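Q: Each chain, letter by letter, is given below.
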Amino acid sequence: MHRSGNLHATLRPPVRHLPKAGLASPRARPWGTVDVVSTDQLRLRAPRHRVSRKSITLWTLHAVIGWAVLLVPQLVVLLFSRTPWQIGVAVATLAVGTAHTVVMPRWRYRVHRWEATPDAVYTLAGWLNQEWRIAPVSRIQTVDTKRGPLQQVLGLSTVTVTTASAAGPVLIEGLDHDDAVRLADELTTTTQATPGDAT
Amino acid sequence: MTADLPAAPEFSEPVVDWHRLDVRMLIVRPLNEVLGLVPVFIGLLVLGKGETWRILLSVGMIVAIVLFGLLRWVTTRYRITAEQVEMHTGLFVRKRLAVPRERIRTVDLTAKLGHRLFGLSAIRVGTGQRDQPGEDGLTLDAVSSTEAERLRVLLLTLAVPESVEPAEERPSVVLSTLDKRWLRYAPLTLSGLVAVGALFGLTMNYARELELEVLGPLTDAAHWVVAQPLWLTLSLFAGVVLVIAGFGSVLVYIVQFGGYQLTREPDDTVRVRRGLLTTRSVSVAEQRLRGVEVEEPLLLRAGRGAHAKTVTTGLGRKGESNLLLPPAPIVEAHRVSAEVLRLEPSPTSTPLHRHPVAALRRRMVRAVVPVLVLSGVLAWFAPAWTWQVALALVPFAALLGWDRYRSLGHVLTDRYLVARQGSVVRETVALQRTGVIGWRISRSFFQRRSGLVTISATTAAGDGAYHVVDVAEGDGLALADETVPELLRPFLERVGSNAVETYPQP
Numbered sequence: 001m002h003r004s005g006n007l008h009a010t011l012r013p014p015v016r017h018l019p020k021a022g023l024a025s026p027r028a029r030p031w032g033t034v035d036v037v038s039t040d041q042l043r044l045r046a047p048r049h050r051v052s053r054k055s056i057t058l059w060t061l062h063a064v065i066g067w068a069v070l071l072v073p074q075l076v077v078l079l080f081s082r083t084p085w086q087i088g089v090a091v092a093t094l095a096v097g098t099a100h101t102v103v104m105p106r107w108r109y110r111v112h113r114w115e116a117t118p119d120a121v122y123t124l125a126g127w128l129n130q131e132w133r134i135a136p137v138s139r140i141q142t143v144d145t146k147r148g149p150l151q152q153v154l155g156l157s158t159v160t161v162t163t164a165s166a167a168g169p170v171l172i173e174g175l176d177h178d179d180a181v182r183l184a185d186e187l188t189t190t191t192q193a194t195p196g197d198a199t
Numbered sequence: 001m002t003a004d005l006p007a008a009p010e011f012s013e014p015v016v017d018w019h020r021l022d023v024r025m026l027i028v029r030p031l032n033e034v035l036g037l038v039p040v041f042i043g044l045l046v047l048g049k050g051e052t053w054r055i056l057l058s059v060g061m062i063v064a065i066v067l068f069g070l071l072r073w074v075t076t077r078y079r080i081t082a083e084q085v086e087m088h089t090g091l092f093v094r095k096r097l098a099v100p101r102e103r104i105r106t107v108d109l110t111a112k113l114g115h116r117l118f119g120l121s122a123i124r125v126g127t128g129q130r131d132q133p134g135e136d137g138l139t140l141d142a143v144s145s146t147e148a149e150r151l152r153v154l155l156l157t158l159a160v161p162e163s164v165e166p167a168e169e170r171p172s173v174v175l176s177t178l179d180k181r182w183l184r185y186a187p188l189t190l191s192g193l194v195a196v197g198a199l200f201g202l203t204m205n206y207a208r209e210l211e212l213e214v215l216g217p218l219t220d221a222a223h224w225v226v227a228q229p230l231w232l233t234l235s236l237f238a239g240v241v242l243v244i245a246g247f248g249s250v251l252v253y254i255v256q257f258g259g260y261q262l263t264r265e266p267d268d269t270v271r272v273r274r275g276l277l278t279t280r281s282v283s284v285a286e287q288r289l290r291g292v293e294v295e296e297p298l299l300l301r302a303g304r305g306a307h308a309k310t311v312t313t314g315l316g317r318k319g320e321s322n323l324l325l326p327p328a329p330i331v332e333a334h335r336v337s338a339e340v341l342r343l344e345p346s347p348t349s350t351p352l353h354r355h356p357v358a359a360l361r362r363r364m365v366r367a368v369v370p371v372l373v374l375s376g377v378l379a380w381f382a383p384a385w386t387w388q389v390a391l392a393l394v395p396f397a398a399l400l401g402w403d404r405y406r407s408l409g410h411v412l413t414d415r416y417l418v419a420r421q422g423s424v425v426r427e428t429v430a431l432q433r434t435g436v437i438g439w440r441i442s443r444s445f446f447q448r449r450s451g452l453v454t455i456s457a458t459t460a461a462g463d464g465a466y467h468v469v470d471v472a473e474g475d476g477l478a479l480a481d482e483t484v485p486e487l488l489r490p491f492l493e494r495v496g497s498n499a500v501e502t503y504p505q506p
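Taken in order, these protein sequences are the chains called A and B.
Throughout the first sequence, residue numbering follows my numbering, covering 1 to 199 in sequence.
Throughout the second sequence, residue numbering follows my numbering, covering 1 to 506 in sequence.
I should point out that these hints are in silico values taken from the structure, not numbers from a laboratory.
These numbers come from a predicted model, not from an experiment.
Be a bit skeptical, because a hint or two may be false.
As the list claims (entries may be wrong) - Examples of chain B residues toward chain A, derived with CB under 7 angstroms:
| # | residue |
| --- | --- |
| 1 | I437 |
| 2 | S444 |
| 3 | T459 |
| 4 | F491 |
Beta carbons: idealized from backbone N, C-alpha and C, even for Gly.
Whole structure, please, built from the sequences with the hints as guidance.
A: Laid out in structure tokens, this is it:
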């Protein structure tokens with residue numbers, strides 16, 4: 001087996017400190033910005049826990065409902081009049097809707113993850129567009145669990161962690177209800193133990 | 001014996017009794033509301049040729065307004081205890097508002113024209129609790145101006161317990177005042193055009209309503225103008241609009257910002273006073289100041305001007321209460337930022353790190369592609385000249401994209417995270433690093449392919465989140481990690497050419 005790549009890796013001293021942004025030879029630009037040569041390869045690791053597998057069902061149901069709202073009126077219209085245009089649009093809706101309903105829930109399930117450490121809540125959500133959210137426990141104001149009708153049927157819950165920011169809460173969707181309640185209790189306890197008014 | 005000692009500083013005893021609003025509000029509130037309805041009354045009475053129902057309707061409206069004012073005055077009480085500010089109001093729906101005094105971040109005094117005639121001010125106490133939008137804080141409308149001033153000092157002093165140390169009377173320091181030369185920035189704001197639009201709408205509306213003879217001469221003029229060659233029509237029209245807009249904007253500027261003064265008060269608050277007719281005084285506890293934002297709308301930027309806002313908790317987002325500096329030279333904006341943040345030079349004028357070339361590509365695509373798509377659609381559905389016009393806009397879109405890229409930048413100073421973005425409105429924000437209460441790192445499908453992310457620092461102040469747009473993934477994460485040490489670190493990993501190394505958990 002050819003091992004030169006791994007050999008290279010073992011010879012390289014482990015890097016323990018993050019490079020400071022902006023140390024690499026700045027070059028002034030006429031509009032007041034400075035070039036930075038990027039050398040580091042930092043990235044966010046995935047949060048530790050996946051959400052419940054039942055979330056796939058939930059997201060599938062959401063997608064089916066959403067597309068049905070678009071498709072059913074079209075079908076009703078088609079009963080009375082059929083132009084090539086209307087048929088074309090209906091078929092396109094059906095095709096896109098089916099693809100979305102099949103792909104999105106599975107993709108989301110592979111992406112959605114969460115983690116709560118004693119210091120922070122860390123989530124990753126989305127599918128095509130993804131977003132990581134980090135809220136330090138010391139800045140948490142409220143922790144709620146919430147279940148919509150579909151979630152109740154499936155035994156799922158959403159945990160909502162709000163901070164003083166107006167930019168919206170950190171959401172963990174699709175947890176098993178018991179897990180959600182346990183997480184909310186834990187977070188509430190640690191939050192209460194932290195002094196300050198979280199702003 | 002004690003006569004030799006200087007008089008003890010007056011200690012303002014917290015009010016514990018219930019107080020009513022000032023009795024003069026019985027006149028002022030109806031007056032303010034009737035003033036706003038003057039054109040309607042003119043329409044109803046003067047031009048109504050004395051029809052009975054019009055007179056009855058007018059009298060009815062005035063009586064209703066007066067009664068409503070009376071009801072409000074009778075039912076509203078407030079008191080300030082050692083712990084909180086309380087207000088009870090309403091007859092059918094009783095509302096009891098209580099704001100803990102330690103939560104008070106800002107005090108905002110507003111006096112409309114009617115208030116000022118009678119020496120009154122409305123007080124708004126801001127807390128920055130965002131749990132119930134719209135329920136943020138509490139408003140006393142209104143108390144006498146001296147009472148308002150006393151309450152302002154009282155409320156903000158206890159809001160900052162450290163400075164209760166009996167005041168050795170420091171004078172308030174003036175940081176900036178209105179300069180007549182700033183008026184030249186007025187036409188560069190769009191307020192003039194807005195004013196022209198509003199004026200036009202109002203005139204048309206009332207002219208028709210009141211059957212005035214404004215329309216006749218105007219129509220004649222319009223006919224004459226349209227009869228001229230096209231170029232003359234256009235240039236005449238543009239000229240008239242520009243002249244009126246110019247004057248209008250200067251007028252708006254003077255009315256809004258006349259008497260502008262920015263001071264630092266002895267109780268460590270930053271205070272902005274402004275307004276020619278409606279005076280406004282906004283005080284922000286310096287402790288609650290999380291940064292400064294410098295905004296340069298395109299036109300203003302072309303004239304090297306800018307205006308500035310505070311980034312602070314407890315100010316409503318509507319009504320420009322966070323204004324720090326009206327449109328003024330950009331140099332002044334940076335100077336004021338430096339003064340307010342007590343940091344020379346201002347972090348907002350720090351040279352910024354440029355974003356990677358991939359960000360330029362992204363800005364370009366996002367600026368140009370919609371225009372191309374639009375012209376494609378127009379070519380399909382609309383007359384030929386529309387898509388040609390749309391296509392002619394492509395170079396401008398490209399310029400816009402390039403300028404948006406040029407605006408992108410970020411840097412980390414000792415105490416501030418500085419980020420800049422935008423072209424039509426270029427925003428430079430300096431956000432206190434200790435004011436960052438979380439992160440959002442978002443990556444769209446296309447950003448992922450270009451190795452870019454958008455880093456958003458969430459905060460309790462201002463807009464709630466400030467963005468570093470389209471930064472290289474590694475640089476952005478390093479920036480976030482350095483801004484708030486230890487928050488992001490446990491979730492970061494380093495990707496070498498062959499090895500993945502996770503940072504050791506502390």
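Q: Determine for every hint whether it applies to the structure shown.
A: Right, here's what the structure says about each hint:
no. : hint : verdict
1   : I437 : holds, 4 angstroms
2   : S444 : holds, 4 angstroms
3   : T459 : holds, 6 angstroms
4   : F491 : holds, 5 angstroms
The structure is consistent with each of the numbered hints, conforming to all of them.
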